[in-house]
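Chains as they are written, first to last, in the UniProt record's numbering: chain A, 1 to 414; chain B, 1 to 414; chain C, 1 to 414.
Note that these hints are calculated values from the structure, not bench results.
There may be inaccurate statements among the hints.
If several chains are the same, the list does not tell them apart, and a pair holds so long as it fits within one copy or across any two.
Straight-line C-alpha distance at most 20 angstroms; calculated DMTMM-like pairs for lysine to aspartate or glutamate [stated by the list, open to error]: (1) LYS292 <-> ASP114; (2) LYS137 <-> ASP354; (3) LYS180 <-> ASP154; (4) LYS137 <-> GLU212; (5) LYS190 <-> ASP63; (6) LYS180 <-> ASP346; (7) LYS238 <-> ASP354; (8) LYS180 <-> ASP161; (9) LYS137 <-> ASP29.
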Amino acid sequence: MPTTPPSLQALLARRRPGHSLEAPFYLSDAVFAADLEHVFGRHWLFVAVEPQLAEPGDYVSVDIGRNSVLLVRDDDRQVRAFHNVCRHRGTRLCAAQHGAVGNIVCPYHQWTYDLAGTLIHADHMPADFDRSRHGLKPVHVRTLAGLIFICLADDAPDDIDAMLRETAPYLAPHRLADCKVAAQVDIIEKGNWKLTLENNRECYHCVANHPELTVSLYEYGFGYRPSPQNAEGIQRFKDTLAASHARWEAMGLPSREIDTLDQRVTGFRTQRLPLDRAGESQTLNAQVACKKLLGGFTAAALGGLSFWTQPNSWHHFMSDHVVSFAVLPISADRTLVRTTWCVHKDAVEGVDYDVKNLTAVWNATNDQDRRLVEESQIGVANAAYEPGPYSPYTEELVEKFCNWYVQRMRALAL
Amino acid sequence: MPTTPPSLQALLARRRPGHSLEAPFYLSDAVFAADLEHVFGRHWLFVAVEPQLAEPGDYVSVDIGRNSVLLVRDDDRQVRAFHNVCRHRGTRLCAAQHGAVGNIVCPYHQWTYDLAGTLIHADHMPADFDRSRHGLKPVHVRTLAGLIFICLADDAPDDIDAMLRETAPYLAPHRLADCKVAAQVDIIEKGNWKLTLENNRECYHCVANHPELTVSLYEYGFGYRPSPQNAEGIQRFKDTLAASHARWEAMGLPSREIDTLDQRVTGFRTQRLPLDRAGESQTLNAQVACKKLLGGFTAAALGGLSFWTQPNSWHHFMSDHVVSFAVLPISADRTLVRTTWCVHKDAVEGVDYDVKNLTAVWNATNDQDRRLVEESQIGVANAAYEPGPYSPYTEELVEKFCNWYVQRMRALAL
Amino acid sequence: MPTTPPSLQALLARRRPGHSLEAPFYLSDAVFAADLEHVFGRHWLFVAVEPQLAEPGDYVSVDIGRNSVLLVRDDDRQVRAFHNVCRHRGTRLCAAQHGAVGNIVCPYHQWTYDLAGTLIHADHMPADFDRSRHGLKPVHVRTLAGLIFICLADDAPDDIDAMLRETAPYLAPHRLADCKVAAQVDIIEKGNWKLTLENNRECYHCVANHPELTVSLYEYGFGYRPSPQNAEGIQRFKDTLAASHARWEAMGLPSREIDTLDQRVTGFRTQRLPLDRAGESQTLNAQVACKKLLGGFTAAALGGLSFWTQPNSWHHFMSDHVVSFAVLPISADRTLVRTTWCVHKDAVEGVDYDVKNLTAVWNATNDQDRRLVEESQIGVANAAYEPGPYSPYTEELVEKFCNWYVQRMRALAL
């Protein structure tokens with residue numbers, strides 16, 4: 001028989017710093033089940049933006065592995081999250097990805113819950129049936145300047161408060177909660193979710209693969225360190241960064257880097273980064289895609305406030321739009337990447353913005369990254385694959401992602 | 001690593017009466033393999049109707065999991081059943097779902113068996129090759145008033161005789177063996193076979209989900225008990241039932257309920273039930289779908305003789321047609337439901353009946369039930385799912401199905 | 001729970017000679033993993049023909065299970081083989097099945113290898129990064145008169161030398177290395193690779209299943225032994241064979257049978273066999289499909305030099321073309337069969353040959369065999385399947401394949 005595969009414990013114990021992970025982390029169904037249980041089951045996940053829930057009764061359902069979570073705005077305009085499962089025989093309550101309801105009614109036998117999750121009606125149940133013990137099971141939910149995070153665990157990590165407190169001043173000026181969704185696109189990558197994250201956490205691959213993105217993007221803003229090869233370029237970038245930060249901070253826009261990626265349970269990184277050329281937005285000409293600017297902005301050239309969270313999201317807040325990415329694992333070798341573009345809620349399509357132009361850069365970039373992730377998934381499945389060395393000059397944030405993952409799994413899965 | 005799933009033994013031991021089953025019963029590949037081995041491998045299964053085998057040489061192949069069974073009418077007009085596997089190198093003998101043959105010839109090397117399963121020819125075999133030891137392997141088969149049941153076990157449960165003896169008087173007047181198949185439709189439900197059965201065993205969901213079916217169906221005939229909510233309606237139904245039974249029994253049609261669903265190995269339930277409105281047939285106007293009545297019937301308003309068998313069938317025998325349902329598991333999360341409509345063999349399509357009208361109610365109902373089963377399969381896969389309470393007033397037959405299943409598995413799988 | 005399946009060790013130990021294999025050999029994922037590790041991982045495999053790599057820089061990628069192997073002709077015109085995996089983060093280097101390159105450049109971060117597999121460039125790596133330790137991992141490769149064999153093991157079986165030495169005189173006169181590929185067709189059979197091989201190793205099934213192939217093929221050349229049923233026909237064939245061999249050997253074409261199928265690690269069989277009717281080629285009229293003959297041949301009626309290798313190929317070298325078959329396992333129940341037709345490199349399509357005519361016999365035959373393999377895969381999955389007896393008169397080479405497989409697995413997998 002084939003050799004017994006190494007245990008997750010052994011794999012975690014022998015992880016080689018500065019190198020890509022061993023193949024079972026990307027391939028094994030057992031590791032994937034552990035990822036779902038410990039990483040996606042016990043950490044804060046980005047799952048939606050508040051503009052998806054504009055009015056009371058609006059709902060969104062999100063799948064985290066086999067778990068379906070229902071986000072709903074209640075009559076007090078609070079965002080609530082529930083397991084999307086009837087307490088009678090377990091039927092999924094809302095099959096659509098989004099919609100609007102008065103109450104939440106199970107399609108099978110019409111058990112009926114209000115927007116606070118309370119069971120308010122169930123036919124044919126006996127006199128001693130206690131409705132109060134059959135309400136929807138709640139899921140932890142927090143909002144951050146329009147971003148919605150959930151945690152499936154009974155006890156959610158409490159350092160979410162620190163992240164909210166520290167990053168809200170950066171994000172709040174863009175007023176995402178006052179936006180509308182201009183476009184949302186799901187793609188499925190035939191690869192492990194960790195390959196999707198690793199791909200996101202470096203720009204070593206950008207120049208050769210992302211012609212549309214690199215119109216506006218300075219690759220040096222994405223985890224580069226000076227090396228003999230690029231010291232001069234990085235110094236120029238640092239000068240630009242310093243000048244930009246001084247200008248933006250003077251406008252009341254916090255801009256300096258905060259990086260807790262591998263130092264906290266709820267790890268994140270944020271920084272306002274200059275954009276190249278017109279310097280306004282991640283578009284094919286680096287100019288704004290939406291004439292109606294966000295919040296109270298009057299200047300367009302605010303660069304991009306980038307925000308990365310462990311384990312599953314990244315975001316770029318610009319003067320004219322916000323683009324958010326949620327990574328949702330499906331199986332060891334399938335990952336959903338959901339991209340959401342938001343513009344000012346009063347912007348008029350065809351007048352203030354054109355959806356094709358707004359989404360052109362990231363639709364192209366996502367497809368390029370999908371291909372890279374898929375080729376990596378195929379490659380690491382080879383018996384000949386062995387972890388290779390990360391570049392210390394360009395892949396530091398990939399290493400931090402791997403560090404975070406390995407630390408969290410060691411803490412929870414052993 | 002994720003927690004080890006509970007063993008089947010533990011799951012069976014801790015089953016909570018009056019509640020839906022725990023998730024692994026619907027999701028686990030190991031439980032599904034046990035279901036195939038013990039439930040579908042050791043009990044009597046409904047698989048076809050005799051009109052599918054009108055003449056000697058007619059055959060039908062039926063898949064029970066990975067097992068293919070060949071039903072054939074032999075030259076003495078007996079229905080026989082064999083494993084559909086050549087004794088040479090194991091090739092499937094008949095790939096088609098139905099057809100007609102003189103002998104059964106393997107497509108690979110032309111080993112040839114007669115309709116009694118005897119190997120009558122094999123080329124190139126040595127002088128000492130014993131053909132008599134290489135006949136087709138038989139499968140137990142019994143017919144009941146035109147319904148064909150098989151059992152894959154070496155020793156088939158012998159209480160099939162009691163079921164045949166007790167129910168033949170109910171079914172025989174409809175003379176199913178003298179019918180022809182007017183239509184047969186296979187649908188695949190993305191759900192566990194037990195969810196399909198549980199769906200079949202209650203009508204709590206009918207009013208909200210089955211507008212076509214409830215034209216003719218009194219839901220109270222399907223496992224309802226009086227409760228404060230419906231006591232008056234049930235009393236009215238009981239009065240109707242008593243009057244109908246008196247009328248039908250006077251016509252020589254046994255009608256009273258027999259229910260052994262969770263009391264016998266070969267559990268079943270039967271009862272002749274009144275139909276609403278025109279009271280004749282399960283159609284969109286409750287009138288007969290076929291002008292040529294079955295058997296020797298002269299009256300059309302004979303209600304519906306319903307017949308349910310554990311673990312995989314239900315049937316409605318009406319004055320003008322018989323509709324039969326066979327549930328055939330494919331995998332833990334895929335189930336084939338085969339629906340067969342039979343009419344008098346002399347009925348003429350387009351004159352006596354219209355196939356679209358004949359099949360309208362159950363094609364619509366099956367599709368509605370498919371959706372409910374699929375939403376339940378998705379729902380119970382959530383980590384948040386826990387077994388919920390059955391209504392004692394409307395889900396008694398679901399509970400009996402679960403009781404039967406748990407009892408049988410405890411008896412066989414431990 | 002279902003009975004624990006027998007271990008591979010137990011299955012190998014109890015294999016019954018003269019009978020087909022037990023079902024887990026065709027169905028079990030664990031056995032398939034062992035097949036990949038021990039059979040396909042430690043033996044010489046036929047994977048391509050030299051005409052696929054005509055010029056330096058030409059490459060072909062071949063999948064052996066999850067392993068992708070890159071074949072490339074280097075600047076010295078040697079055929080080399082590498083694991084198709086970047087040494088950085090494991091990305092597949094060449095996604096296409098074939099192409100031409102100057103160097104081998106990873107699409108992700110542009111790590112660049114020359115055609116000898118040496119890493120010649122990697123951006124952003126530190127001063128102490130040792131490129132010489134990050135070259136492509138080589139795979140053993142040998143060529144035999146234009147056929148390319150690889151071995152994935154660290155230590156490849158050394159009796160490949162004997163096979164090359166003994167068979168080169170048979171194959172060389174056809175000068176395959178001077179051919180071009182006229183057609184290549186991949187089909188996927190929904191069956192285990194061993195069923196594909198067993199199907200190839202007997203012609204008991206030919207008469208009833210292969211009307212196109214049997215135009216030119218004498219079935220008696222494919223492992224038949226005299227029996228009471230066919231003694232006369234075989235004697236006539238032997239006379240034809242002796243006369244043909246005398247004629248061909250006088251022309252300098254070795255023709256007599258060599259059979260080491262179950263006697264060596266690198267087992268093979270070869271023999272030049274007469275063809276029926278026009279006697280020239282495996283076509284619909286047994287005449288050559290290409291007017292431009294191979295090598296220096298002036299006569300067309302040279303029969304077919306057949307060459308079978310364990311575990312995954314067979315070939316027919318004729319006067320006008322060579323047809324080669326590679327069997328590449330995908331999963332326990334999926335197998336890729338790649339068929340390659342080669343003609344003289346100076347032959348002109350539409351003038352000297354017509355692709356449809358050239359490929360007609362084997363495209364039809366492959367499809368017929370695919371169906372037989374698939375019906376066998378379905379059949380052996382039945383619980384009722386048990387290994388049946390091989391015909392000693394027609395299935396001797398099937399038995400030799402099974403013997404070889406069981407011997408090799410016993411030697412390596414225990």
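Check the structure against each numbered hint from earlier and tell me which ones fail, lowest number first. 1, 2, 3, 4, 7, 8 and 9
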